[in-house]
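Protein chains in written order, with the numbering used here: chain A, 1 to 72; chain B, 1 to 518.
It is worth saying that the hints were derived from the structure and are not from the lab. From the three backbone atoms N, C-alpha and C, an ideal C-beta is built for every residue, glycine too. Among the hints, a few may not be true.
Pairs of lysine-lysine, BS3-like flavour, derived with a Cα cap of 30 Å [stated by the list, open to error]:
| hint | chain 1 | residue 1 | chain 2 | residue 2 |
| --- | --- | --- | --- | --- |
| 1 | B | Lys367 | A | Lys20 |
| 2 | A | Lys57 | B | Lys214 |
| 3 | A | Lys57 | B | Lys349 |
| 4 | A | Lys53 | B | Lys347 |
| 5 | B | Lys381 | A | Lys60 |
| 6 | B | Lys356 | A | Lys72 |
Restraint-style ranges between C-beta atoms, simulated for each label pair [to be verified]:
| hint | chain 1 | residue 1 | chain 2 | residue 2 | range |
| --- | --- | --- | --- | --- | --- |
| 7 | A | Phe47 | B | Gln329 | 47 to 53 Å |
| 8 | B | Met332 | A | Leu24 | 56 to 62 Å |
| 9 | A | Trp7 | B | Arg216 | 57 to 63 Å |
| 10 | B | Ile420 | A | Lys20 | 42 to 48 Å |
| 11 | A | Lys72 | B | Gly105 | 33 to 39 Å |
| 12 | B | Lys129 | A | Phe47 | 45 to 51 Å |
| 13 | A | Lys72 | B | Asp244 | 40 to 46 Å |
| 14 | A | Ser21 | B | Ile106 | 28 to 34 Å |
| 15 | A | Phe41 | B | Gly105 | 16 to 22 Å |
| 16 | B | Leu218 | A | Ser21 | 26 to 32 Å |
| 17 | B | Ala73 | A | Leu24 | 14 to 20 Å |
For the chain B half of the interface with chain A, some residues (derived, Cβ under 8 Å), not all of them [said to hold, decoys possible]:
| hint | residue |
| --- | --- |
| 18 | Phe80 |
| 19 | Thr489 |
| 20 | Ile507 |
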Amino acid sequence: MTNKKNWFQKVVYFYIDGFKSMKLGRTLWLIILLKLFFMFFVLRMFFFPNYLKSNFKTDKERSEYILESLTK
Amino acid sequence: MIESVDMSLVDWSRAQFALTAMYHWIFVPLTLGLTFIIAIMETIYVKTGNPEWGKITRFWMKLFGINFAIGVATGIILEFEFGTNWSKYSWFVGDIFGAPLAIEGIMAFFLESTFIAVMFFGWGKVSKKFHLVSTWLVAVGSNLSALWILVANAWMQKPVGMQFNPETARNEMVNFWEVALSPTAVNKFLHTISSAYVLSAVFVIGVSAWYLLKNRELVFARKSIIVAAIFGFLTSVYTIGTGDGSARHVAKDQPMKFAAMEGLYNGQEGAGLVALGVFSSSETDPKNENLKDFAMKIEIPNILSYMAFMDWNAFVPGIHDLIDGNEKQGIMSANEKIERGKVALAKLKAFKEARKSGDKELAEKLKTEFLAKNFQDNYFKYFGYAYITDTNQLIPNVPLLFYSFHIMVGIGMFFMFLFIYALYLIIRKKAIKHKLFLRVAIWSIPLAYLASQAGWIVAEVGRQPWVIQDLMPTMAAVSHISTGAVQTTFWLFTIIFTTLLIAELRIMFRQIKNGPNS
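If we strip away everything but chain A, and leave its shape as in the complex, we get (with noise of 0.2 Å):
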């Protein structure tokens, strides 16, 4: 049991570590982050939502329309 604390405490500090001695990579990190707020709070909200997901309640609804869509 204490192993199995310490080896995880270790991947912990691992990554904690790694994290602080980051120079370049805190900038790096910085463009992930903004990239990813701005996808899926921005983009994906606001402009992309699931078309079927948001017109449609259900799957039977869904394929309805398609087959609808498709066939006239």
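Following the hints, put chain B in place on chain A, whose structure we already have.
Structure of chain B alone, referenced to chain A:
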């Protein structure tokens, strides 16, 4: 509903997808190839214990990190677009697309959160061997992660291992391995990753050449060039082999794309390969602006026949054969395919009506008929043709395809000689004096990206009008959203991706300028 689709919506949706895919592809190939080059360099470091190799590995790893960080998640936007702009397509493909993308997502997550962390944080904290294993796993893992999206793409070029379910209007996977290991998918994967390796080798040689030109980091640059040139040469030979395999698949499964790549209007036995050609502004057919005349061309006899069918005298169908049909060669006309597509569509419509009216017995009978092998092979196979209103819609942009294909092949061949010459100069210790070579090597970096993008233009523009070959044309795949919304996001993406690209280039140039000792 299909008839009322606004073609400008289709065009803008395509343009937006092309823009995001092409920008995404700026970042991906370097990630795929540079990891292997780094892994090779680190292996030499671990084997020899020479600290110079450690320094070299760390420097290229830093550039890899920049490219990875800027490029990561740019592909997510493509998935947003599937749901918003291409909802009918997304529904129609069903789990064929979902399963490979889910595997890719899980794989990428585990890869990025574990082994890349060891690769960057693990220097001096884990053993040299464990670090090396992590680097190799990042290389293998990132390439395997690319496998799944390429499997999905290959399915769109050659749909296999699926069954269309008329009740749900979705394709359902019936054989995962047939999808994952289809010859088209395997070849596409190998050709794509090997071309990414070539691009990465050119990148390493180009950056190293810059140091030699500046008379800086001479040992570092020479060692880097040796690894990259050997890696680049071997992978460029392999890329030619996989490209050859790809051409055969295209000739068999997408003959229109193949004919357009070569500007072959009229089929012939013992067809020649156009090694060099320039189109004039006049059309061979006034009804179709895609069919430009050649102003000049240099043709090598019989090569195209051999390339397509491994037979010097085989018949290669031209665009007119594929449109008008060629009874002697057993080629069905486009109009016949349209008629068969309409039969399939009518059957689907009848099934829908029967189900709607509550006639379960009739619906069941129609479903059985629809799913019968004979009907699938002779009618549903051409389902997408039902939406084609003019056979000219079946012809992709010939000059764009022709030039893209020849640019890709030409630059690829050039790189093979670049690698051999780079190796020769380095071994003879003459590289530093050969300023012209060094300049050419630096300018080869943008050429590698050009060739890489041209390859995707061949693959994607070449299969137009199909979003899924023969089953669904682009006009049947788009969502009914406003063209204005697509235009807005198109320009938004242009700004975002250009900003990211500028950020990458600025950070990358600064690090290169600082050099491996910084």
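The hints, checked one at a time:
1. B:Lys367 - A:Lys20: Answer violated: Lys367 of chain B to Lys20 of chain A is near 62 Å, above 30 Å.
2. A:Lys57 - B:Lys214: Violated - the C-alpha atoms of Lys214 of chain B and Lys57 of chain A are around 63 Å apart, more than 30 Å.
3. A:Lys57 - B:Lys349: Judged against 30 Å, a Cα distance of about 23 Å means the pair holds.
4. A:Lys53 - B:Lys347: Cα-Cα ~28 Å, so holds.
5. B:Lys381 - A:Lys60: holds, 25 Å
6. B:Lys356 - A:Lys72: holds, 14 Å
7. A:Phe47 - B:Gln329: 47 to 53 Å: holds, 49 Å
8. B:Met332 - A:Leu24: 56 to 62 Å: For Leu24 of chain A against Met332 of chain B, whose Cβ atoms are near 59 Å apart, the range 56 to 62 Å holds.
9. A:Trp7 - B:Arg216: 57 to 63 Å: violated, 44 Å
10. B:Ile420 - A:Lys20: 42 to 48 Å: holds, 46 Å
11. A:Lys72 - B:Gly105: 33 to 39 Å: holds, 35 Å
12. B:Lys129 - A:Phe47: 45 to 51 Å: This hint holds: roughly 47 Å between Cβ atoms.
13. A:Lys72 - B:Asp244: 40 to 46 Å: holds, 44 Å
14. A:Ser21 - B:Ile106: 28 to 34 Å: Holds, since Ser21 of chain A and Ile106 of chain B (Cβ atoms, about 29 Å apart) stay within the stated range.
15. A:Phe41 - B:Gly105: 16 to 22 Å: Given about 19 Å between the Cβ atoms, the range holds.
16. B:Leu218 - A:Ser21: 26 to 32 Å: holds, 30 Å
17. B:Ala73 - A:Leu24: 14 to 20 Å: holds, 19 Å
18. Phe80: Check passed: Cβ of Phe80 of chain B comes within 4 Å of chain A, closer than 8 Å.
19. Thr489: Given a least distance of 5 Å, the restraint on Thr489 of chain B holds.
20. Ile507: Since the shortest Cβ distance to chain A is 7 Å, the answer is holds.
Violated hints for the displayed structure, listed by number in ascending order: 1, 2, 9.
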